[in-house]
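Could you put the whole structure together from the sequences, leaning on the hints where they help?
Chains as they are written, first to last, in the numbering used here: chain A, 32 to 189; chain B, 5 to 263.
What the hints contain is simulated information worked out from the structure, not anything from laboratory work. One or more of the hints may lead you astray.
What the hints assert, rightly or not - Think about it this way: if two alpha-carbon atoms lie no more than 27 Å apart in a straight line, the pair counts; the simulated DSSO-like pairs of lysine-lysine are:
#1 B/29 / A/178
#2 A/178 / B/149
#3 B/228 / B/158
#4 A/132 / B/149
#5 B/109 / B/228
From a predicted model like this one, the values you see are computed outputs, not experimental measurements.
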Amino acid sequence: MSGDDDGLREFVTSRLPHLRRSAFLMCGDWELATELTRATLARVVADSRRGAVADPDVYAYSDLMEACRRRNRRREHVFVAAAGAEGVAAESILLLDALHKLAPRCRAVLVLRHWDGFELDAVGAMLDLDDERVSAYERAGLAALQKLLTDSEAALTA
Amino acid sequence: MSMPLTRLLEHVLEGEPDLGDEVDKVFRDATRIRRRRNRTLLAAGAAAVVAIAATGFLLTTTLLPDHSRPAAQPSAAATTRSPVPVPSAIADPVLALLAPVVDGKKMHIYPRPPERGNGWRQYSVTGTDGTPRGTLELAVYQVGKDPCFPVLGKPNKCARTEWAPAGIEYVRYDDDHDPDWQVHQTIARRISDGRTLAVMATGERGSDDATTGKPALTGEQIEKIGTDERLFDAFGADESCAEPSSAACPAFRLPVPVD
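Printed below as a string of structure tokens:
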């Protein structure tokens, strides 16, 4: 794909929606997710043109997760709906809130494994972790998420 | 979370905005990146030329160092103690977790001045007859990235971590090489939020006696305390020993790998 603009355009067109959804799950803000995804794909394109990208998927997801981690340090809100969007279900906000209480790397593992459907070794390559650590993050993340959701539901029904 | 996570996440994404002309914007940004990189490369080249010229000039004009200036006086380090008030044993959730273990060994534990600050606590342990049995020191940190846990006696190595329930990774250190500073220490990190605890038991120092220098609690007990999830929450949510207000943070035998 390196240097081939048609191939790059095809790659960007096919990956952009999915990358943006993953970014949204990481940051809870559609506008920010769009901005981060665009910046990531621009880097993929620029680096592919000079032949510096071995695996564009690993490069793109790895770069995007790191960008989300950096931008998410000072999170001031849980969820920002898109302009003109209709109301969002309370359950969705609870889930996003619970997801955002997890450490960024833990959240990244859950998003890449359970939303993007990547295998352990692919997630490991994207986040620079070995398989054992990916599994540990996944187990801990799911358990923490379960607990947070249970607590939130209990608080809502109390 | 009765539904699989994937299905739950699908609902969260409802209301996704249109992509618009994002693909074109990506390619415009990529072109901008390439131009910026070219400019940076040219600027770096120019800076290197200037630096080489300046270094040459300095080498030819300044061959001897200037000894005429008086040496700077070292400034007195300001050791700020935390203004956190001294709590009673009941109000100290950390002590509440430690006390049963120490009491179980027929010993007593109480805060040791300066007993606490932002992200740290320290306690004295005595035998039933009041004989000093050393100290217990605890601190909490926020460690974001995967840390390199230290290895005793090997400064550039990273320790392989063990796993405790609730997603806690930890490393235990036992060092009784020096009879006057025997240490049982555990560093544990809760990977779901990066909160990291260091717990260290040391025997009474300065006695030059292997028995008196033995820590009040065993390495196994320190490991159990350090990996107890309740201890992670026994410190305040905003506490961290890496903050400037934690000036009197304990010096651990193995330092905590803070970012």
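We went through each hint and held it up to the structure:
{"no.": "1", "hint": "B/29 / A/178", "verdict": "violated, 41 Å"}
{"no.": "2", "hint": "A/178 / B/149", "verdict": "holds, 23 Å"}
{"no.": "3", "hint": "B/228 / B/158", "verdict": "holds, 25 Å"}
{"no.": "4", "hint": "A/132 / B/149", "verdict": "holds, 16 Å"}
{"no.": "5", "hint": "B/109 / B/228", "verdict": "holds, 15 Å"}
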